Structure formats: structure tokens, C-alpha cells
Amino acid sequence: MRNQQATQLLFELSKSGRRAARFPTADVPDRPLTDLIPAAQLAKSLPPLPEVTEPDVIRHFVNLSTLNMSVDTHFYPLGSCTMKYNPKRHERLAGLPGLVDLHPYQTPAASQGMLQFLYEMQQMLAEIAGLPGVSMQPAAGAQGELTALLVAAQYFRDRGEHRTKVIFPNSAHGTNPASAAIAGFECVQLNQSEGGYVSLPELQSQLNDQTAVFMITNPSTLGLFERRIQTIAKMVHDVGGLVYIDGANMNAILGITRPGDFGGDMMHYNVHKTFTGPHGAGGPGSGPIAVRDFLADYLPGPIVTRTQQPDGTAVYGLATPSKTIGRVRTFFGNVGILLRGYCYLKTLGAEGVKAVSDNAVLNANYLLQKLKHVLPVPQGERCMHEFVASAQKLKTEKGISAMDIAKRLLDYGFHAPTVYFPLVVPEALMMEPTETESKETLDAFAAAIEQIVTEDPERLHEAPFTGPASRPDDLKAGRNPILKWTAKV
Amino acid sequence: MDRSQLKYAKTDEWVALEGDIATVGITDAAVQALTDLVYLALPTVGKQYNAGSPFGEVESVKAASDLYAPVSGEVIAVNTELPNNLDWLSTDAFGKGWIARFKVAPGATLDHLMDAKGYAAYWDTRAH
Amino acid sequence: MSYLFNTPEQQQEMLRVCGVDSIEKLFSDQVPADLRLNRLLEMPPALSELELEAELTALAHKNGGASTRTCFLGGGAYDHFIPAAVDTIATRSEFYTAYTPYQAEASQGTLQAFFEYQTLICELTGMDVSNASLYEGGTSVTEAVSMALRSLHNRRRVVVLGSMHPEYREILVTHLQHLNCELVTIPTPAGTADVSKVKAALNDQTACLVVQQPNFFGCLESAAELMAAAKDAGALGIISFDPLSLGLLQRPGDYGADIAVAEGQSLGTPLQYGGPYLGILTCREALMRKMPGRLIGQTTDRLGKRCFVLNLQAREQHIKRDKATSNICTNQGLLALRATVYMSLLGPQGLREVSELACRKAHYAAEQLAQVAGLELMFAQPFFKEFTVRCKGGVEPILKRAAAAGFDIGPELSRFTWSDGETMSAGLLVAVTEKRTRADIDRLAQALAKSR
Ligand SMILES: Cc1ncc(COP(=O)(O)O)c(C=O)c1O
Numbered sequence: 001m002r003n004q005q006a007t008q009l010l011f012e013l014s015k016s017g018r019r020a021a022r023f024p025t026a027d028v029p030d031r032p033l034t035d036l037i038p039a040a041q042l043a044k045s046l047p048p049l050p051e052v053t054e055p056d057v058i059r060h061f062v063n064l065s066t067l068n069m070s071v072d073t074h075f076y077p078l079g080s081c082t083m084k085y086n087p088k089r090h091e092r093l094a095g096l097p098g099l100v101d102l103h104p105y106q107t108p109a110a111s112q113g114m115l116q117f118l119y120e121m122q123q124m125l126a127e128i129a130g131l132p133g134v135s136m137q138p139a140a141g142a143q144g145e146l147t148a149l150l151v152a153a154q155y156f157r158d159r160g161e162h163r164t165k166v167i168f169p170n171s172a173h174g175t176n177p178a179s180a181a182i183a184g185f186e187c188v189q190l191n192q193s194e195g196g197y198v199s200l201p202e203l204q205s206q207l208n209d210q211t212a213v214f215m216i217t218n219p220s221t222l223g224l225f226e227r228r229i230q231t232i233a234k235m236v237h238d239v240g241g242l243v244y245i246d247g248a249n250m251n252a253i254l255g256i257t258r259p260g261d262f263g264g265d266m267m268h269y270n271v272h273k274t275f276t277g278p279h280g281a282g283g284p285g286s287g288p289i290a291v292r293d294f295l296a297d298y299l300p301g302p303i304v305t306r307t308q309q310p311d312g313t314a315v316y317g318l319a320t321p322s323k324t325i326g327r328v329r330t331f332f333g334n335v336g337i338l339l340r341g342y343c344y345l346k347t348l349g350a351e352g353v354k355a356v357s358d359n360a361v362l363n364a365n366y367l368l369q370k371l372k373h374v375l376p377v378p379q380g381e382r383c384m385h386e387f388v389a390s391a392q393k394l395k396t397e398k399g400i401s402a403m404d405i406a407k408r409l410l411d412y413g414f415h416a417p418t419v420y421f422p423l424v425v426p427e428a429l430m431m432e433p434t435e436t437e438s439k440e441t442l443d444a445f446a447a448a449i450e451q452i453v454t455e456d457p458e459r460l461h462e463a464p465f466t467g468p469a470s471r472p473d474d475l476k477a478g479r480n481p482i483l484k485w486t487a488k489v
Numbered sequence: 001m002d003r004s005q006l007k008y009a010k011t012d013e014w015v016a017l018e019g020d021i022a023t024v025g026i027t028d029a030a031v032q033a034l035t036d037l038v039y040l041a042l043p044t045v046g047k048q049y050n051a052g053s054p055f056g057e058v059e060s061v062k063a064a065s066d067l068y069a070p071v072s073g074e075v076i077a078v079n080t081e082l083p084n085n086l087d088w089l090s091t092d093a094f095g096k097g098w099i100a101r102f103k104v105a106p107g108a109t110l111d112h113l114m115d116a117k118g119y120a121a122y123w124d125t126r127a128h
Numbered sequence: 001m002s003y004l005f006n007t008p009e010q011q012q013e014m015l016r017v018c019g020v021d022s023i024e025k026l027f028s029d030q031v032p033a034d035l036r037l038n039r040l041l042e043m044p045p046a047l048s049e050l051e052l053e054a055e056l057t058a059l060a061h062k063n064g065g066a067s068t069r070t071c072f073l074g075g076g077a078y079d080h081f082i083p084a085a086v087d088t089i090a091t092r093s094e095f096y097t098a099y100t101p102y103q104a105e106a107s108q109g110t111l112q113a114f115f116e117y118q119t120l121i122c123e124l125t126g127m128d129v130s131n132a133s134l135y136e137g138g139t140s141v142t143e144a145v146s147m148a149l150r151s152l153h154n155r156r157r158v159v160v161l162g163s164m165h166p167e168y169r170e171i172l173v174t175h176l177q178h179l180n181c182e183l184v185t186i187p188t189p190a191g192t193a194d195v196s197k198v199k200a201a202l203n204d205q206t207a208c209l210v211v212q213q214p215n216f217f218g219c220l221e222s223a224a225e226l227m228a229a230a231k232d233a234g235a236l237g238i239i240s241f242d243p244l245s246l247g248l249l250q251r252p253g254d255y256g257a258d259i260a261v262a263e264g265q266s267l268g269t270p271l272q273y274g275g276p277y278l279g280i281l282t283c284r285e286a287l288m289r290k291m292p293g294r295l296i297g298q299t300t301d302r303l304g305k306r307c308f309v310l311n312l313q314a315r316e317q318h319i320k321r322d323k324a325t326s327n328i329c330t331n332q333g334l335l336a337l338r339a340t341v342y343m344s345l346l347g348p349q350g351l352r353e354v355s356e357l358a359c360r361k362a363h364y365a366a367e368q369l370a371q372v373a374g375l376e377l378m379f380a381q382p383f384f385k386e387f388t389v390r391c392k393g394g395v396e397p398i399l400k401r402a403a404a405a406g407f408d409i410g411p412e413l414s415r416f417t418w419s420d421g422e423t424m425s426a427g428l429l430v431a432v433t434e435k436r437t438r439a440d441i442d443r444l445a446q447a448l449a450k451s452r
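Residue numbers (our numbering), protein chains in the order written: chain A, 1 to 489; chain B, 1 to 128; chain C, 1 to 452.
Looking at chain A on its own, in the form it has when it is part of the complex:
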């Protein structure tokens, strides 16, 4: 049923002379353009954009959209990404005039509603983290990591301490070492683990007066809550270092335990994950950070302030913390995503927020129990909001890889889990069902995997069979990169 014609490339649909948008003629006095712009600066010809009509554009992109799997159409258990339902009220409310059309340089006096929401969001994020200082500038988790590491660097510099090393376990997400390197730190990776948990002797052996920050995802990328996190934090603090909590997995612990209460000094949120952003085909996200009181003065500005007037009313304003590291982006942050997160938290309230984690953890544990007979979970019987299964045994016994299972699941109408991450589990399938899925869906998903592992491995290598493409040639793409369409000559 695919519309082959409309899903050609836009450039192939183009026909000279067609057009969609038209603008009014100028209502100001006509003058030669060269009176306005020096001739040398004027383009000699127009950019060769495609020429299509509005119906062309709509049919093209609507048809393209149908080639995607998405949360609104499919179960999407992509581990570490928290692909939960994205409430539709958020889209309507984020589009309200006054919010969607507010210029970032509008005066604070004419932005009081915006600033009030941002202030309340700051407060809620501080409360959920158990850390009082919040900056909502970062555009995504990775930028949150980098921002917090720059805060740490400035803090140590102010104290006259020369600390150069950032330590993280090998199960860390790639953004952790990448952010540390960009912030100018040396990376130290811990390569051992004790059943998926940090090896304390190994950590101890790396800690010294060079240690700036220990970065840890908790719950970890293996879906485990690091039970000894307080001991770990004490070890790091004892050598004068700071503890960074990668909060990508906050969906497991909302209202259950707080990074600030278990020893974290800094953390980031991924609002697009935990607070149902949504994910926007890759972004935008929002990655606010929360830090301890003694780090709050280093945060990038602006942050939102609230002052009580004598008559009891509140006035909101923007301020820059006194020892700020400086700006990390323009304007205020990914406000549109923060707004959706705010709507979400206001809808849930304290009990609803905790119910999120309750049900996320229940769903993950249930799915783990349903699947462990076919796909062993090396890290055991219990998990938080996600778990990492391994197809290693299937691979050696039958030649069925994690990738084969992932691809075949698409035929069964399920998006694939995250595969081959974390790197420490061979043939990893990282599954995060989220709380917004029913038992029926989890049962059907488990049944599909049970079925898949009985199929002919040779056939599985060729899956999927039903989608718009099957097993793209990555090698060809990599060896001869074609990164744009070019006209045939």
C-alpha cells in the first residue's frame, strides 16, 4: 500500500515553475535592490531548492511518516530512552498564544506567566532531585553532563585544586566520556564489575587527589540500582571529588529515592524521557541539571528568581549566578520541552509521580520474568525500570543474534529494544517497557520473542520482511558516503 510516487525524494518530485508558499507584494516604496545591498553581496542566482506544490509536500511527508514506528503506533521498548506515552494535552497547551509566540528578549514584565512556570519547574526539579540548585539551560542530557562538569571544573579552580580526572564505569553511556573530554578532563574507565555493580576495590584504586568527578548512572544502564551508592559517594568525597548522577534512568526512582539523598552532588534530567518530552524523531530534548547548594553559584545563567512584593504578589525575574561558568547556550533553554514536562508533573502530582516509577518497575520486572527463559538476563532476577537480556547463548547455539531478534520483532509489530548497549553485555537487548503499557502488550511482546527464537536462523538473518526496507547495506553507506541528493548530469 506504499505510495511509491509520493515517497520519492522531494527533489525528484520537483518540477520547474511549481510552488507552494506565496507572499504579499511589498507595500513599501520600490527601490533598486542595489541601493539597499552592495551588488557584490547579492546572490547571482537563487538557491536550487526543489519546486513543489503544497499538496505535493503534504502527501510526501504524510506518506513518509507512515514508514516510521512510533510510540503512538507501536510498543517501543527502546532501553535507556523511556519511550512512554506523550499526552496530547501537552501539545495543545505548549501551542497557546502567549507561550508559543513569546520572544526570548521580551521584557520580564511582559513574560511573568512564562517566568512563573519556569520558576515552578525549577522548584519541582530541585525537589525530585533532592538538590537545590537548578539550571534549565541544557538542551539535552549530554549538554547537562558537560555543563555540570564545567561547573565542577570552575569549583575546583576556585578552590585552587588541580583535579584532572573523571572516572566512570564501562557501562557508562558514550556521552559521559565524551562530555568529560570536551570539558578538558582525562577519562578513567572502570573495567571490572561485581555482578553489574561498581567494583569498590577498583574504584578505590583509581581515586586520589587528581579525581575531579565520578560519573555514575543510577539506576545503571544495566537496570540495577547501585546499592552501595552511599559508600561509593563517601569514597569519592573522601578524596575531595564530586559525584555526578546521570539521570537518564530517573523513571525508576521518582519519589522513591533522590540523587541528592544518596550522595550525588550533581545530576541531569532528560525531560524528553522521564517527563515525556516527546522524543521528536531524535530531539529536541531538555537536560536540566540540579546541583548541591555549594555548587549553585557556578550554574550558567539565566535562572529564574521570585521576589515577594509587599502586597504579597510574586514577581519573577532572570538572574545570573554570582560565580557562573558563563553561558552554555543562547536564550533560556528548550522551553517548549520544559513546558510539556511541567504539564506532565502538574497532571500527576506527588502520588502520580511515584505511581510512574511503581508501574515502570513492575512492568520491567514482569517482562523480565516472562522472557528470562528464552533470553537470559545476566544480571539476575530483579531489575528497576529496565533490564538487559543477552542473546549470547542463542548466538552460539543457533546463530541467532540480538540484531536478528531486533529486526524480526519489527515484523511482529513491535519496535526493537536497544541492542548492543551497554557494551559490557554481549549480544545485549536492553528493554524498557515504561509504565504506559498494559500487561496485554507485554504478554504479546514476550510471546513474539518466544516465537522468534524458534524460527529458522537463516531466515531471521534476512528479517524484517514486511517493512519499507530490510537490512540496509551499512558497509556500502560507509565506504562511499552519499549524504545528499545530487542531480544526475
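Hint data in this document are derived by calculation from the structure and do not stem from the laboratory.
The structure displayed is predicted, hence computed values, not measured ones.
Backbone N, C-alpha and C define an ideal beta-carbon position, used for all residues, glycine too.
Where hints are given, some of them may not hold.
[As the list claims (entries may be wrong)] Chain C regions said to be covered by chain A (calculated; three or more residues, Cβ under 8 Å): (1) 107–119; (2) 164–178; (3) 263–277.
[As the list claims (entries may be wrong)] Just a sample of chain A residues kept apart from chain B, beta carbon distances all over 12 Å, derived: (4) Q4; (5) D27; (6) L96; (7) E381; (8) D473; (9) D474; (10) R479.
Given the coordinates of chain A, work out where chains B and C with the ligand should sit on it, guided by the hints.
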């Protein structure tokens, strides 16, 4: 090239020394571990490298690895045909798959490198 | 509770399968008791959809949005027109509720759209390669500078102009201060850079020269000469451009930029108080493997059919970790999609019309405002859609008069941190898009002319 006569670095480069000219490549075992290669960045002829410093890069679809100079010296030739014939790195790693020739810096030695046996043993200790 | 499925009976059944009798047990098995939060979070009470909408509407009413007022605000975010079809596509939930296209077979819609985005951006700019988006315009400048420092690793000097967006410059300072680099800012007291002064600052240690075109004051730099000067010094030339100026002005690729970046907000993204916006980054082919961010590539599948994949991933953090070209993971995909639809709708003619309208109206506005007593143009340079006025009696009275008459202009230059410590206290930006009419401009001039 007789691989038993070559010297090897822990970072998987091999070296064949003739006089003060060192021919350098990477082992086929390392290439296999990287899986299908898509890209090779060659060093610049005339540039000096210290032993252990990165002089090039290989990439596969799913991995990337720096190439480290196994000896100190100046690059005097590179295998310009190799980037367009990456298969040679797996089919003829020690022949057509050579990457660069170095003029070994005066006084530099290969003493820090392993022989074929040592490399084989070292390879086995690594998890793949 | 909202958005949950399982009935109490189902929960019991699931708990039984897990071998526990309560959800609490799932946690107490894993999270040490002394770490538990033994109270409810302090949060506002839960609201129904109806109550939430009432609250948000009340908040929204306290803001002066561009649809209820007349917006002449600029400084890197602009009130351009957004055709309805952009929203129609961007609100398709098959797009906005999907994530990064890791599984190519399940994401051909996203992948093809971003391949088209990359192509459109290359056509727009005349550059060879575009990535699939960065966070926004300011961080894109920093990413471009990092690319230059990585490409020419022996060179540690970065030269920028004082006429660059001061926030872009601040971001650069934040990131460079912990690295061993020198940042040199060339003052631009005349509104644009003096090419000979820039040339004198470029040396064999210079990794790159960054030029914003049109610059923060709205003025046009001698971009071609500056790019040539960078090349002569063996440095990379980086341009930060306004996408909607390219219906009229020469493209960065035409005048020899090595890397061209932009804030892409004007390509179909609403103002929404500063984000999410779109970071555009393009470069010459030779720099392709130094690029940050996702790149979509064309290939064929098992059956030989054309399809699209994430390509050259070995540059990225999930593979190269601490050696990656950037730490970016989640990008600004949905905004890239908006830009893709916007550019498709405009085509070459529409783009030309928007550019020309903004430019003509801005020049009309500049003439009118220059006639207002107490106002004059701050710089005598050619400009595109934005210009800077000097308020001889101070900025405040002008802003007040504008605001009282329903107009927003600015930002005022004094709100920024300038490299040379200047306050630029009397300067005010005025931006004019295709949405402003001659009548708007005349009324603004009248409002400002009223004696105090
Ligand atoms: C564990 C972990 N850390 C960090 C990140 C980076 O976050 P973002 O993609 O929002 O930059 C991710 C997400 O992709 C993640 O899963």
C-alpha cells in the same frame, strides 16, 4: 612478508624493518575484530611521529581505532591505493595492506615491540 | 492516575509472576531502606486536563506574545511567518513520538526526511555536507570552532569579531576557557570589521576565523574578503549565517567558507521563548569526518532498494566515547523536520520573496525611525533585515513608548556582556520580518516620535 619475522605493537601495528626504513601496517586479526572497514586515514608524508603517537585512523561501520606509530621517525611513503582498496587490510594485511613507511629516527629502536610469538600470546589474553 | 493501564487485579497477577506480593517489595529488594524517601514529594496537587488548561491559559495571558503585539524584536530569534503545512507535518505523531532512527527499517520516514533536510541545507548554503542538526545557533558556533581545533590540532588561536552575537561569544568563552586556547576578539566600533585589522590578527597559530553574516548589529561584513584572509593564513573560515538572508545574499559556499553554521529558528520554528530551536552545521567535504552530530546516508537494502541509514557513526560518542567529535546524542530532529517542510514550501521563489520583503521593509523602517527626533542609525553600514538605532535620550523612554503602543523592539545592547567591557548603552536593535506591514512601521515611528 613473513609475519613471523615482524615486530608487533600492543596496539596491533606490525613493523618490518629493513635498514632504517620501517614498513608499518595493522594485523589482520585486529582488522577482523573491527569488522568491515569503511575508512582509513593515512598520515602525511614528511611528518615526524614519536613512537606511540597517533598517525592515522581506521573506521568500520560500528567501531573506530587510531593507528599508533610503532617507531619514532618520519613518514616517507604512504600506500595511497589502500584507502580505495580496504579489503587488502584483511586479505593481504602484511603485503598489499601496508600503510606507511617510516624513516626510523636516529637512535630509535624496536626493543619495546613484541615478536610474533609474544603478540600471539598477548592477543589471546585480550577479550574479543 | 493518568496514563497507566494495569488494573489492580492485573498488578496482582504481575506481582505473582515476579514472586512478590507488593510493588514495594520490588523496591525494598533493591534500594537500601536508609536511602528511601519516606514521604511524598512536595509538589502541587494533581490537576485534571480541564484544570490544567485553565491554569496554563492564565499563565499564557500574562505574557506579551508576538501574535497579540507587534514584534520588532530580533537578536537571533525572529517573528517570521510559518505556513500551516509545517504544523500539519510536525504534529504527525509518527514523527514526533519516534526517537533517533537507530533501527533503519522502522524509521525510513525520519531517515528520508533528514536526508532531504541535509540536501536542502546544502542547496541553501552552497556547502558540501550538512549534519542532521545541533542544539541551536550559539552552540553550533562552538562546535564549528571545535572542529577547526581538531582539524588543525597544532593551532590554538581562535579569532572572532566583536560583531558576533554576544551570547554566541559567551558560549565560546565558557567552552574554551578550560582548554588550552587563545580567543581573540577584533573590535568592530564601526559596526563591521576592518578587514586589514582582521588580517593582522591572523597568524600561523590561528585555527579559525569566525564571522557572523549579517552580524549581530544587522550589518553586512565583507565576508568574502574575510574568508579569503582566513585561507591565506592557513586557518579555517567559519560563517554564522541567517538562513533567510540567502534568498538575496551570496551563499557561504559561494564565497569560500569552510564551515557554515546557523540558528535555524527562522525556518519554520516558533519563538517559544528561545527554544527548542535548530542548530545548522555544514562544511566542505574534506572536513566531513570531523563533523559533530548525526549524518544520514543513502544506501541500498538486502533487496537492492534505495534506503537511508545513520552513517559515519564512528565519529559519534556511542562509538568513539572520549575521542568523539562531539558529545551530542539527542539532537533537534523535529525542528529539522520543520525546516525541511518550510524550505520545501518556499522553494527558490518563496525564499527570494521572504528575503526581499524583510530586507525592503527593514530599510523602510530604518528610514522612518531615523527621522524620529532623538533616534539615529548607529552604524553607516549596509544591513539586511535588522539594524541598530542609537537612542540619544537613552533606551528606556523609547522602549516604554513602544511598549505602551503595543510594539516590542530590541533587544537593547546594554543587556549583553561585551568583549571590550563596553556597555553600548544607547543602542537598540530593530528587526523587521516579512510579517510587518508599512502601516505597522509608520505607527511605530509615530509612537516613538510622540514627545514625552
Ligand atoms: C544513560 C544515558 N546517559 C546520557 C544520555 C544522553 O542524553 P541525551 O541524549 O539527552 O543527550 C542518554 C541518552 O541517550 C542515556 O541513555
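For each hint, the structure was consulted:
A stretch counts as covered by a chain when three or more of its residues have a beta carbon under 8 Å from one of that chain; for the segment 107–119 of chain C and chain A the count is 11, and the coverage holds. As drawn, the segment 164–178 of chain C meets chain A at 10 residues by the rule of a beta-carbon pair under 8 Å; at three or more, the given contact holds. Check result for the segment 263–277 of chain C against chain A: holds, 9 residues qualifying (beta carbon to beta carbon below 8 Å, three or more required). Non-interface status of A:Q4 relative to chain B is upheld: no Cβ of that chain comes within 12 Å, the nearest being about 28 Å off.
Under the 12 Å C-beta cut-off, the non-interface status given to A:D27 relative to chain B holds; the minimum distance is some 54 Å. Distance check on A:L96: its Cβ is at least 44 Å (rounded) from any Cβ of chain B, clearing the 12 Å threshold; non-interface status holds. Listed as a non-interface residue, A:E381 keeps its Cβ farther than 12 Å from every Cβ of chain B; the least gap is roughly 26 Å. With a cut of 12 Å on Cβ distances, A:D473 falls inside the contact zone with chain B, its closest approach being about 10 Å.
Listed as a non-interface residue, A:D474 fails to keep its Cβ farther than 12 Å from every Cβ of chain B; the least gap is roughly 4 Å. Annotated as non-interface, A:R479 brings its C-beta within 12 Å of a C-beta of chain B; the closest such distance is 5 Å.
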